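**Q** Here the protein sequences line up with chains L and P, keeping their order.
For the first sequence, my numbering begins at 1 and goes up steadily by one.
For the second sequence, my numbering begins at 1 and goes up steadily by one.
Some clues are possibly wrong.
The list treats identical chains as interchangeable, and a pair is accepted whether it falls inside one copy or across any two copies.
Stated by the list, open to error - List of simulated lysine to any residue pairs, SDA-like, C-alpha gap at most 20 Å:
#, residue 1, residue 2
1, Lys-10, Asp-209
2, Lys-218, Ala-291
3, Lys-103, Ala-166
4, Lys-218, Ile-295
5, Lys-218, Asn-290
6, Lys-65, Ser-270
7, Lys-167, Glu-250
8, Lys-328, Arg-275
9, Lys-193, Asn-206
10, Lys-218, Pro-294
11, Lys-218, Glu-296
12, Lys-184, Glu-216
13, Lys-103, Ser-73
14, Lys-103, Arg-190
15, Lys-218, Ile-330
16, Lys-218, Glu-276
17, Lys-167, Ala-213
Hints listed in this document are in silico derivations from the structure and should not be mistaken for laboratory results.
Computed from a predicted structure; not experimentally measured.
Number of protein chains: 2
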Amino acid sequence: MIRVTYEEMKGQFERVLLSRGMDEGDTRLCAQLIADTSLEGVYTHGAHRFPTFIDLIDRGVVNVKERAVRIASHGVLERWDGNSGVGNLNAHASMSRAIELAKSHTIGIVALKNTNHWMRPGTYGIMAGEAGCIGILWTNTIALMPAWGGLDAKVGNNPLVIAIPAKEGVILIDMAMSLFSYGKMEGYVREGKPLPVAGGWDTAGNLTDDAQAILESKRPLPIGFWKGTSLALMLDLVAASLSGGRTTEEISRLGDEQGVSQVFVAMNLSSFDDREEIERRISASLASINASEPIEAGGQVRWPGQNRLKIREENLRLGIPTNEGVWKAILAL
Amino acid sequence: MIRVTYEEMKGQFERVLLSRGMDEGDTRLCAQLIADTSLEGVYTHGAHRFPTFIDLIDRGVVNVKERAVRIASHGVLERWDGNSGVGNLNAHASMSRAIELAKSHTIGIVALKNTNHWMRPGTYGIMAGEAGCIGILWTNTIALMPAWGGLDAKVGNNPLVIAIPAKEGVILIDMAMSLFSYGKMEGYVREGKPLPVAGGWDTAGNLTDDAQAILESKRPLPIGFWKGTSLALMLDLVAASLSGGRTTEEISRLGDEQGVSQVFVAMNLSSFDDREEIERRISASLASINASEPIEAGGQVRWPGQNRLKIREENLRLGIPTNEGVWKAILAL
Numbered sequence: 001m002i003r004v005t006y007e008e009m010k011g012q013f014e015r016v017l018l019s020r021g022m023d024e025g026d027t028r029l030c031a032q033l034i035a036d037t038s039l040e041g042v043y044t045h046g047a048h049r050f051p052t053f054i055d056l057i058d059r060g061v062v063n064v065k066e067r068a069v070r071i072a073s074h075g076v077l078e079r080w081d082g083n084s085g086v087g088n089l090n091a092h093a094s095m096s097r098a099i100e101l102a103k104s105h106t107i108g109i110v111a112l113k114n115t116n117h118w119m120r121p122g123t124y125g126i127m128a129g130e131a132g133c134i135g136i137l138w139t140n141t142i143a144l145m146p147a148w149g150g151l152d153a154k155v156g157n158n159p160l161v162i163a164i165p166a167k168e169g170v171i172l173i174d175m176a177m178s179l180f181s182y183g184k185m186e187g188y189v190r191e192g193k194p195l196p197v198a199g200g201w202d203t204a205g206n207l208t209d210d211a212q213a214i215l216e217s218k219r220p221l222p223i224g225f226w227k228g229t230s231l232a233l234m235l236d237l238v239a240a241s242l243s244g245g246r247t248t249e250e251i252s253r254l255g256d257e258q259g260v261s262q263v264f265v266a267m268n269l270s271s272f273d274d275r276e277e278i279e280r281r282i283s284a285s286l287a288s289i290n291a292s293e294p295i296e297a298g299g300q301v302r303w304p305g306q307n308r309l310k311i312r313e314e315n316l317r318l319g320i321p322t323n324e325g326v327w328k329a330i331l332a333l
Numbered sequence: 001m002i003r004v005t006y007e008e009m010k011g012q013f014e015r016v017l018l019s020r021g022m023d024e025g026d027t028r029l030c031a032q033l034i035a036d037t038s039l040e041g042v043y044t045h046g047a048h049r050f051p052t053f054i055d056l057i058d059r060g061v062v063n064v065k066e067r068a069v070r071i072a073s074h075g076v077l078e079r080w081d082g083n084s085g086v087g088n089l090n091a092h093a094s095m096s097r098a099i100e101l102a103k104s105h106t107i108g109i110v111a112l113k114n115t116n117h118w119m120r121p122g123t124y125g126i127m128a129g130e131a132g133c134i135g136i137l138w139t140n141t142i143a144l145m146p147a148w149g150g151l152d153a154k155v156g157n158n159p160l161v162i163a164i165p166a167k168e169g170v171i172l173i174d175m176a177m178s179l180f181s182y183g184k185m186e187g188y189v190r191e192g193k194p195l196p197v198a199g200g201w202d203t204a205g206n207l208t209d210d211a212q213a214i215l216e217s218k219r220p221l222p223i224g225f226w227k228g229t230s231l232a233l234m235l236d237l238v239a240a241s242l243s244g245g246r247t248t249e250e251i252s253r254l255g256d257e258q259g260v261s262q263v264f265v266a267m268n269l270s271s272f273d274d275r276e277e278i279e280r281r282i283s284a285s286l287a288s289i290n291a292s293e294p295i296e297a298g299g300q301v302r303w304p305g306q307n308r309l310k311i312r313e314e315n316l317r318l319g320i321p322t323n324e325g326v327w328k329a330i331l332a333l
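So that you can see chain L by itself, here it is in the shape it has in the complex:
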């Protein structure tokens, strides 16, 4: 691990994206979103994914010239077409629009089809939270897990994000339907470390903490066993139905993961005249979590997202921890 400054990282991303023909304004936002992801400690979905992202551009899966556009309006729900454009820019545009709708109508929903991997899902939840809105969003993916009782990958791991604005900061969950996301497992492989607990089965059907073996078998452990695969299927079908886009079953027939379906929901808490009471209630809940009796003496029980701003501040000051091999690869792009 080396440490790279935020400005240096963002600058390198901009240089590479411009070289791929991305428009200057888009380049600034796209590079910033990826650098922010690493800055906040989600290394697997930030710099460490950048070379894969550029490879998808070079192979024509991601089209840097296209943007998401609205194709239909159903009151507070709009359908947008991502036109195989840049995943994080499409998601940013969609969540921006959902927030705008929520500011006028309490609720705003954008259902986006035909888009690409959105990098860090939590990014768009934080956007909602910082705008005073609850954000709920999810994506489907290529098939990455068997259905419960099956051997062959049939369902996506379809990350789900929920973000809630609070006086203490944005409360945030950002979770794949497998115990470990593929990005996280790739991180363990890169570092040559075992997973902290068994995260799936190997091709021989044995539970294992060897991330590489799970990436090969495509049999990660779903959250809650039978519950995780079922929830993944439902998120997939809701996203495809609302957006009029592809299901995991259809995406999986394309080879590469592309043309995925996503849903962005914003709910504006400022629409309610008891907004202060809501904040007070949330603060009491967070305090109660922090007041938990810890399993390990001296341990601290935190609410989801509690450490985010601390990590951000530390990485801004010291530089962003980055895998040296990945950084060299980025410099060579």
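With the hints as your guide, set chain P onto chain L.
**A** What follows is chain P alone, placed relative to chain L:
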């Protein structure tokens, strides 16, 4: 286990509810919802919960004379107050209204505060599905699980339901944030059986398949470990914020579980002109799940809810399997 006919079961529920002063029309619907729950095989949340439900009425926690009423309207989202009325009737009224809103506006949301345990969560998802709508709904509960890393119960297990209409029937998930719901664990205790896999920790901190030990420790295993408790917290805070109602933290200070907050979302698929394409896509996904290579030779991989109508038909024909002790208790109420 004995078998009780659907009509006999519903009749006994009606007799008992009328004796508690419930209005005749409410009695018919309330009894039917509970009998349907057992009819569809969810015994733990149907007849087996009925004596507890009556006890809550007798102790004044559930007020059979009160109904949910709308208290505020924010476009497609309405806030309702359950007035400490009957949980399943309040939930039925709320989902009915959400569906009505969705029929006019594509999306309909009712956020309900101050209500009681809704019995079987899936009931209201099926309502949405049968009306051609996607249904997404959840409730908060009294604290039933520690936050991750903690020992004392701080978060609810906050069941989440997603239902999707399909030509093959309503696809349905109905899941608590613990691996096993409290109702299910109580069922295992009643039958004197161990859980099929470890479902939580005992008071000494050992993982166990002894449901009674987990009910005592209030340390069930959350789905996806750290993910399940975080998701539970988010569902709680969203429900309380949208409804203006109590959080798990506040409910837990009341002693009995009461005055909970719930959210009912309906999304009308008939609003979309590609409804047939959506159905075709869903059918292809369900067929793909069923075509999984099974882990066990001869096994069948099913989609969530696939067996529901079969169980319903079988129990209608043969009678509903019911714990004999519970049935005697119901007859004596």
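**Q** State for each hint whether it applies.
**A** Evaluated hints:
1. Taking the shortest alpha-carbon separations for Lys-10 and Asp-209, neither the intra-copy value of 34 Å nor the inter-copy value of 50 Å comes in at or below 20 Å.
2. When the C-alpha separation of Lys-218 and Ala-291 is checked against a cutoff of 20 Å, the pair qualifies only between copies, where the shortest distance is 17 Å, while the shortest distance within a copy is 39 Å.
3. For the identical chains of this complex, Lys-103 and Ala-166 are intra-copy neighbours only, at 17 Å inside a copy versus 33 Å across copies, given an alpha-carbon limit of 20 Å.
4. In this assembly of identical chains, Lys-218 and Ile-295 lie within 20 Å of each other by CA distance solely across copies; the values are 14 Å between and 33 Å within a copy.
5. Only between protomers do Lys-218 and Asn-290 lie at most 20 Å apart by alpha-carbon distance; the minimum there is 18 Å, versus 36 Å within a single protomer.
6. Neither within a single protomer nor between protomers do Lys-65 and Ser-270 lie at most 20 Å apart by alpha-carbon distance, with minima of 36 Å and 34 Å respectively.
7. Taking CA atoms no more than 20 Å apart as the test, Lys-167 paired with Glu-250 passes between copies only; the shortest distance there is 19 Å, against 42 Å inside one copy.
8. In this assembly of identical chains, the alpha carbons of Lys-328 and Arg-275 never lie at most 20 Å apart, being 48 Å within a copy and 49 Å across copies at closest.
9. For a Cα distance limit of 20 Å, the shortest separation of Lys-193 from Asn-206 inside one copy, 18 Å, qualifies, whereas the shortest one across copies, 27 Å, does not.
10. For the homomeric pair Lys-218 and Pro-294, the shortest alpha-carbon distance between copies (15 Å) is at most 20 Å, but the shortest distance inside one copy (35 Å) is not.
11. Within a single copy, Lys-218 and Glu-296 get their C-alpha atoms only as close as 34 Å, which misses the 20 Å cut-off; across copies the closest is 18 Å, which meets it.
12. Taking the closest pair of Cα atoms, Lys-184 and Glu-216 come within 20 Å of each other only inside a single copy of the chain (15 Å); across copies the shortest separation is 35 Å, beyond that limit.
13. In this homomeric assembly, Lys-103 and Ser-73 come within 20 Å of each other (Cα to Cα) both inside a single copy, at 16 Å, and across copies, at 15 Å.
14. Taking the shortest alpha-carbon separations for Lys-103 and Arg-190, neither the intra-copy value of 43 Å nor the inter-copy value of 51 Å comes in at or below 20 Å.
15. In this homomeric assembly, Lys-218 and Ile-330 never come within 20 Å of each other (Cα to Cα): the closest approach is 28 Å inside a single copy and 49 Å across copies.
16. Within a single copy, Lys-218 and Glu-276 get their C-alpha atoms no closer than 46 Å, and across copies no closer than 32 Å, so neither meets the 20 Å cut-off.
17. Within a single copy, Lys-167 and Ala-213 get their C-alpha atoms no closer than 43 Å, and across copies no closer than 38 Å, so neither meets the 20 Å cut-off.
Consistency note: the structure conflicts with the earlier hints numbered 1, 6, 8, 14, 15, 16, 17.
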